[in-house]
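> As a plain string of letters, each chain reads:
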Amino acid sequence: MGAVSAALTIEGLRVIYDEHHALKGVSLEVRKGESYGLVGESGSGKSTLLRAIAGLAPVAGGEIAVDGERLGTGRDKAFYRKVQMVFQDPYGSLHPRHTVDRLLLEPLAIHGFADIEKRIIRALDEVGLGSGFRFRYSHQLSGGQRQRVAIARALILEPSILLLDEPTSALDASVQAEVLNLLEQVRGDRGLSFLMVSHDLAIVTHMCERLMVMQSGEEVERLSAADLAARRVTKDYTRNLLTASAGFVRTDEAAGHSAGL
Amino acid sequence: MTTLLTVEGLKVDFPTRTGVVEAVRGVSFTLGKERLGIVGESGSGKSQTGRAIMGLTPPSARISAERLDFDGIDLLDAPARQRRELRGKRIAMILQDPKYSLNPVMSIGRQIVETLRTHEKVSAAEARDRALGMLEAVQIREAGRVFDLHPHEVSGGMGQRAMIAMMLIAGPELLIADEPTSALDVTVQLDILRILDRLVIDRGMGLIFISHDLRLVSSFCNRVIVMYAGRIVEELPASELAHAEHPYTRGLLNCMPKIGENRHPLPMLDRKPEWAL
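Residue numbers (this note's numbering), protein chains in the order written: chain S, 1 to 261; chain D, 262 to 538.
Source of the hints: derived by calculation from the structure; they are not laboratory data.
Listed below are the simulated DSSO-like cross-link pairs for lysine-lysine, each with C-alpha atoms no more than 30 Å apart in a straight line: (1) S:32 with S:235; (2) S:77 with S:118; (3) D:294 with D:350; (4) S:32 with S:77; (5) S:24 with D:360; (6) D:519 with S:32; (7) S:82 with S:24; (8) S:235 with D:519; (9) D:382 with D:350.
Some but not every residue of chain S turned toward chain D, in silico, with C-beta under 8 Å: (10) 173; (11) 174; (12) 177; (13) 184; (14) 206; (15) 229; (16) 245.
Which chain D residues stay away from chain S? Per the calculated CB distances, all over 10 Å, these: (17) 280; (18) 316; (19) 321; (20) 362; (21) 375; (22) 383; (23) 498; (24) 504.
Predicted model only: the values in this text are computed from it and were never measured. A virtual CB, placed ideally from N, CA and C, is assigned to each residue, including glycine.
Same shape as in the complex, but just chain S:
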């Protein structure tokens, strides 16, 4: 562990909210430049894991290391330069009374960047929005455009790791494709590492090389996207998820009924 090739290492991470054990000792390693997926249903702890890394959840035990450096309880500025997060709901994660310009300026000001003007224009360009969007408010944008702003805000500090918490589940299918393509492109351009949470197996196999299936705060199994696609899974829970994601199948008995309709 802690090898140079690891962007993010997590060892036996536990999170407790009051009495509730949200994470019960989870370990994983994200290699540099890798995209790693976390899959599970609500309450599986997948989002809690991301929040714990970002310093937004009460860690009760275990270790988190970024680029081989162990993190304490606090998160300093240097951490947020390296690790940024994109949240699920672009309607909730952007300040409603700030313009896009101010949303993008804030992280730059906090971290004392100099060429602010240039960076904002470049960031908007990179997510395909153009400078025409610079002085709009988030309520003047569609869901997909908002998520692009959220991605631009995360990328503007030039992080090496992006934490993605269901980045497209609030979006329409066609907009989802655009945002997923954008994420893949910036990852390729900048050599980013992703840790991506989704409840959708198809999205995770599309975006990630390896993934972990989680249930009730614990690991169910770890496997590669290729294994999942080929249905080489060992646990029943994963198999059930695979079956469920294939869609609704009418059983023979019910099909007999419907034929008589």
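Starting from the structure of chain S, add chain D where the hints point.
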């Protein structure tokens, strides 16, 4: 097959400060005792179509149609009193998220009993028995316990079952389900669909299933209507989905990632202005 519902040239307009928003722009279809899917993305007018049939369009909106006919009743001309009698009794609606569609300060059992006693003259004891029976029909195991629980005490899947029980207890002939499983986990989603499927088939109801998920709808319904910008762009049998002709339908099917497929980047939907004409 007898026609239960006829919709012809349905329009729903919302006058706003900046002009009229045309949410539904001339939608026509008929429905018998079958399962019809309405698919579209946000803003396509699919939900407003369902709400117009149910009579839940906000008062600020203008609604018009050449025909909006449910079993011989002209829904647009029907007095409010008659529509109230239809709503819940003969036409029922299931909404997306049980967290918001159930009454938070009333136990689940009382809500189901309330629906029943609004529409039928039954004794309190009989109403309770039928509500319990209905909870069992939606596969809630400890119906007696769940009867006394409040919505915040149950999971999303359990809440949606309670919602279905409440909607079906008065024995409606037409059920409108607006994204009934979108707020639920995938495995729970299938349980709910199975229950819905069984009840709709057994009771011979007409079902309008509104969803953004083209593939889910086509696996569940007989016929699918695809909506774009307030209009129907394509109508086809669910089994023919693979042979959809309209570029929007094809684009919608294509842009979803699929397990075991390797398409980088994903094909994007190239929206043509003429689709919205």
